[in-house]
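I would like the entire structure built from these sequences, with the hints used as guidance.
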Amino acid sequence: LDTRVLQKKHMTTYSRNNNNKRKMAPRVICLFDVDGTLTVPRGEITPEMMEFMMKLKEKVTVGIVGGSDLDKQKEQLGDDVVSRFPYNFSQNGLVAYHNSEIVGQQSIDKFLGEKNVSRLVNWTLKYLSELDLPVKRGTFFEFRSGMFNISPIGRNCSRAERNDYEKYDLEHKIRETMVAKMKEEFADLNLSFSIGGQISFDVFPQGWDKTFCLNFLKAEDWDEIHFFGDKTFEGGNDYEIFTSERTIGHTVTSPDDTKQQCTDLFMKD
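For the sequence shown, position 107 (counting from the first letter as 1) is numbered 108 according to my numbering, and the numbering increases by one without interruption.
Possibly wrong hints are sitting among the right ones.
Claimed, not checked - 30 Å max Cα-Cα, derived DSSO-like pairs, lysine-lysine:
#  : residue 1 : residue 2
1  : Lys260    : Lys75
2  : Lys182    : Lys111
3  : Lys116    : Lys182
4  : Lys137    : Lys116
5  : Lys168    : Lys75
6  : Lys219    : Lys269
7  : Lys127    : Lys184
8  : Lys60     : Lys219
9  : Lys127    : Lys111
10 : Lys127    : Lys137
11 : Lys137    : Lys184
12 : Lys111    : Lys168
13 : Lys60     : Lys269
Claimed, not checked - Simulated DEER-style distance windows between Cβ atoms:
#  : residue 1 : residue 2 : range
14 : Tyr169    : Gly44     : 15 to 25 Å
15 : Pro48     : Ser245    : 30 to 40 Å
16 : Glu59     : Trp124    : 42 to 52 Å
17 : Lys182    : Lys111    : 23 to 33 Å
18 : Lys58     : Asp258    : 17 to 27 Å
19 : Ser159    : Leu190    : 26 to 36 Å
20 : Asp110    : Lys174    : 23 to 33 Å
21 : Gln106    : Leu132    : 28 to 38 Å
22 : Lys56     : Asp133    : 46 to 56 Å
23 : Ser159    : Ser108    : 29 to 39 Å
24 : Asp222    : Tyr169    : 42 to 52 Å
No lab work stands behind these hints: they were computed from the structure.
What you are looking at is a predicted structure, and each value in this text was computed from that prediction instead of being measured.
The beta-carbon is built from N, C-alpha and C at its ideal position, and this holds for glycine as well.
The following block contains the structure:
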């Protein structure tokens, strides 16, 4: 499905059926991706954007759902991110907080078993050792409690190297090709692969994408669940939650676009 069609479908339904609810939004929750949605990739949220989110929080319930671990969320959104917003989901919701208290945590090593974890690590490092790139740095394989994050260039690259790699990757399909080979190699493990951000992709069990966070949002508690993200295309790490039947999906292009869309939807009473 074309995400533009889905966007139009979601927005048409929302505008037609929910205009009369905008002044009463306690049963509306808005979930936000981080990179490209609230911040520039791997950047810190601006004071202006944080101020806007605080104002938005007075209109609707706000939740953060990112693929990175909580430490990286804190680097981008502040050390108090867990207490600042009612819901916080790191690693796609595999680590979940509600009102500053942890309400769920999953571990990929226990789920897959150490034998399969070692198999994945060994294959990845061998593949990357044979991959010819203009630049390579460090931290190619990052183990997180709920997923593996794999970066062909290495997560230790500078911002300039990150930007250059993104262009190179788009042209030469480095991540796309590697994902295709891993899908074939590890078909028996029923894994999902999600390309997100500029330099890496995530590997996790099927169903452990961002829709996992919806397990902590009971259907009877919410009239609407909105999701805002930039990687909503098929294969992007926002695609599954964007297309979920439980959400109203919104594709954004930048933090400024996020702010504008939320203003138009919720701040014009």
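Hint check:
1. A C-alpha spacing of about 20 Å is found between Lys260 and Lys75, which places the hinted pair at or below 30 Å, so the restraint holds.
2. For the proposed pair Lys182 and Lys111, the alpha carbon gap of about 24 Å is at most 30 Å, so the pair holds.
3. Under the criterion of a C-alpha separation no larger than 30 Å, the hint pairing Lys116 with Lys182 is consistent with the structure, at around 20 Å.
4. Taken as a hint, the Lys137 and Lys116 pair is honoured in the structure, with Cα atoms around 28 Å apart against an allowance of 30 Å.
5. Between the alpha carbons of Lys168 and Lys75 the distance comes to roughly 27 Å, so the proposed pair stays at or under 30 Å and holds.
6. Using a Cα cut-off of 30 Å, the hinted pair Lys219 and Lys269 holds, with the two alpha carbons roughly 28 Å apart.
7. As the CA atoms of Lys127 and Lys184 are separated by approximately 16 Å, the hinted pair is consistent with the 30 Å bound.
8. Distance check on the hinted pair: Lys60 and Lys219 sit about 20 Å apart at the alpha-carbon level, within 30 Å; holds.
9. Restraint check for Lys127 and Lys111: the C-alpha separation of about 24 Å stays at or below 30 Å, so the hint holds.
10. Taking the CA atoms of Lys127 and Lys137, the gap is near 14 Å; set against the 30 Å cutoff, the hint holds.
11. As the CA atoms of Lys137 and Lys184 are separated by approximately 24 Å, the hinted pair is consistent with the 30 Å bound.
12. Between Lys111 and Lys168 the alpha-carbon distance is near 36 Å, which puts this suggested pair outside the 30 Å criterion.
13. Straight-line distance between C-alpha atoms of Lys60 and Lys269 comes to about 10 Å, which keeps the hinted pair within the 30 Å bound.
14. The hint said 15 to 25 Å for the Cβ distance between Tyr169 and Gly44, and at roughly 20 Å that hint holds.
15. Here the CB-CB span from Pro48 to Ser245 is close to 32 Å, well matched to the stated 30 to 40 Å.
16. With their beta carbons about 49 Å apart, Glu59 and Trp124 fall inside the hinted range of 42 to 52 Å.
17. Range check, Lys182 to Lys111: Cβ separation about 26 Å, and the 23 to 33 Å hint holds.
18. Here the CB-CB span from Lys58 to Asp258 is close to 19 Å, well matched to the stated 17 to 27 Å.
19. At about 34 Å, the CB distance of Ser159 to Leu190 agrees with the hint of 26 to 36 Å.
20. Distance hint check: the CB atoms of Asp110 and Lys174 are about 30 Å apart, consistent with the given range 23 to 33 Å.
21. Here the CB-CB span from Gln106 to Leu132 is close to 33 Å, well matched to the stated 28 to 38 Å.
22. In this structure, Lys56 and Asp133 meet the distance hint of 46 to 56 Å, their C-beta atoms being roughly 49 Å apart.
23. The hinted window of 29 to 39 Å between Ser159 and Ser108 holds, with their beta carbons roughly 32 Å apart.
24. Hint check: Asp222 to Tyr169, Cβ distance near 45 Å, so the stated range 42 to 52 Å holds.
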